[in-house]
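Residue numbers (this note's numbering), protein chains in the order written: chain Y, 1 to 320; chain F, 1 to 320.
No lab work stands behind these hints, which were simulated from the structure alone.
Hints may be right or wrong, so weigh each one.
As the list claims (entries may be wrong) - Computed, partial: chain F to chain Y, Cβ under 7 Å:
(1) E192
(2) L253
(3) I264
Predicted model only: the values in this text are computed from it and were never measured.
Ideal Cβ positions, reconstructed from N, Cα and C, are used throughout, including at glycine.
There are 2 protein chains.
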Amino acid sequence: VFALTYSAPAGLQLARQHPTPVPASGEALIRVTLAGICATDLEILRGYMQFAGVPGHEFVGVVEQGPPHLRGQRVVGEINCVCHACALCRRGLPTHCRQRTVLGIAGRDGAFAEYLVLPAENCHVVPAAITDQQAVFTELLAAAAHVRDAVPLEPEARVAVLGAGRLGLLVAQVLALTPVRLDVLIRSLQREALGARLGLHMAPAATADAGAYDVVVDCTGAADGLAAALRLCRPGGAIVLKSTYAGAAGVDLAPLVVNEVRVIGSRCGPFVPALELLATGRIHVDELVSAVYPLAAGPAALAAAGAPGALKVLLRPESS
Amino acid sequence: VFALTYSAPAGLQLARQHPTPVPASGEALIRVTLAGICATDLEILRGYMQFAGVPGHEFVGVVEQGPPHLRGQRVVGEINCVCHACALCRRGLPTHCRQRTVLGIAGRDGAFAEYLVLPAENCHVVPAAITDQQAVFTELLAAAAHVRDAVPLEPEARVAVLGAGRLGLLVAQVLALTPVRLDVLIRSLQREALGARLGLHMAPAATADAGAYDVVVDCTGAADGLAAALRLCRPGGAIVLKSTYAGAAGVDLAPLVVNEVRVIGSRCGPFVPALELLATGRIHVDELVSAVYPLAAGPAALAAAGAPGALKVLLRPESS
């Protein structure tokens, strides 16, 4: 079957005769119908996580082998595959399981392929009201909605989302459903019209008031995002960091201490609330799709996803 | 009167005929009997805060002019002088007052002088059981004890204090009074014997278990303290940053996001609990005094405070 594979130093390659993965006990075999390219995938192509294998962790597909309640169903899947036995799993932090593999990110082949395997317990059936193109956003929307778990969002709190890329526009749409006063701060005006269509208040980051925000969510995906957030956050306020990137950021941490700011790292979120948000129709994801490429054009698709101005680029296996 | 003054590029100088400061309305005139040199003072001599004037913010002294309840009393003083009117003061964050001056740090002459002035409301009378040499630690101990306000300290939680300098040894002594399991992690074995005398469990930082600590308090005062703390902190754990230093730290922030760690900046703390801690006799500060210099030898004293292995260096005005 077709699959994209990555390893260093060969880079990303299209494998036309990749073996169909064989589900282990407790796993489902899923035929991928649509996969999404995420910033993390682009970081992986730069060496992040030293990953080798099939990348990709955003997908929707149909279960071809698995337990009866899933067989033939359209599913999305949580990406952390966990042991349920280690200290962190027992502490209620399964997404931090010390033995975990992560779909397309760590120790497990991912979704840029015609087929993938995943523990059946990770799979969630997609309600009929949600299209494939919407469902493929579940993982990213779950990560976006997880910001609500990181920090209390008081009514009337001033909240800034920094960055209006794929993740920033989802975080902003989720926060716009809460009673905070929300600004989406952007470095170029490129996304202003799209943000406005999504009902968001867009403003230039450079002229935003220093120290004015109770909560700043960094969705820039850039090394200098924390420094920008520290400038915007009020003393005693909170910064939620959503960005991961390979390499070191040079940042003056004195404002963090002097202003007694909290910085909270936030990664994956639970899928059930994300599917519920999608089913409400109040989170607009179709507007975020830049292009759909056939899986065989994967290298071009990943290049397109990394180009300035790109939003979500999707991959559709030919078999679907 | 004698005072040490700092300005760039002249550097630190001894002024022998510095004018005695004149208290404004609501302020007390305090004759300094002992002052302490802090890491922040050393940073100021490197340009931190662009401060110009008399540095020094740790002191004990006697009120010569001021309200009747303070006159003739031995006092210590909170260093943030605030407006009580701005949004941050009204929010209950007076130490972050936007109009604040800070004794010897920002916009206000400090304690490396025979006299200083400070709002009377900032002054706290020192109980007789506390010696001058102990009282001069009140400000630093207040900052150390403020760690308890930054993060919940569950019984049996594994807590690491990173660094065994002036601040680290006070933070560790405060945390040792709570029911956590505490390790003080040090980069050289230099402080091992002193820590053990203080009843602390000392261990080398380099071989401490990665991801083993629920809470890590960075008291290294070094640019790479956060990176070390990120290595030690468990997923979902908390890092309290106590260090300020001038300049940018190069740090890989990916572990902060991937491990969903919280980083909490912590600066000044309230004086009343610190005086209560000193009065119990359970916090040992006399052991932390490296040397006492006359004020006129201030430049040598600041050099000594910055030398490797130095703990607290004190300045005693000749008039006291």
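Tested hints:
no. : hint : verdict
1   : E192 : 27 Å, violated
2   : L253 : 5 Å, holds
3   : I264 : 5 Å, holds
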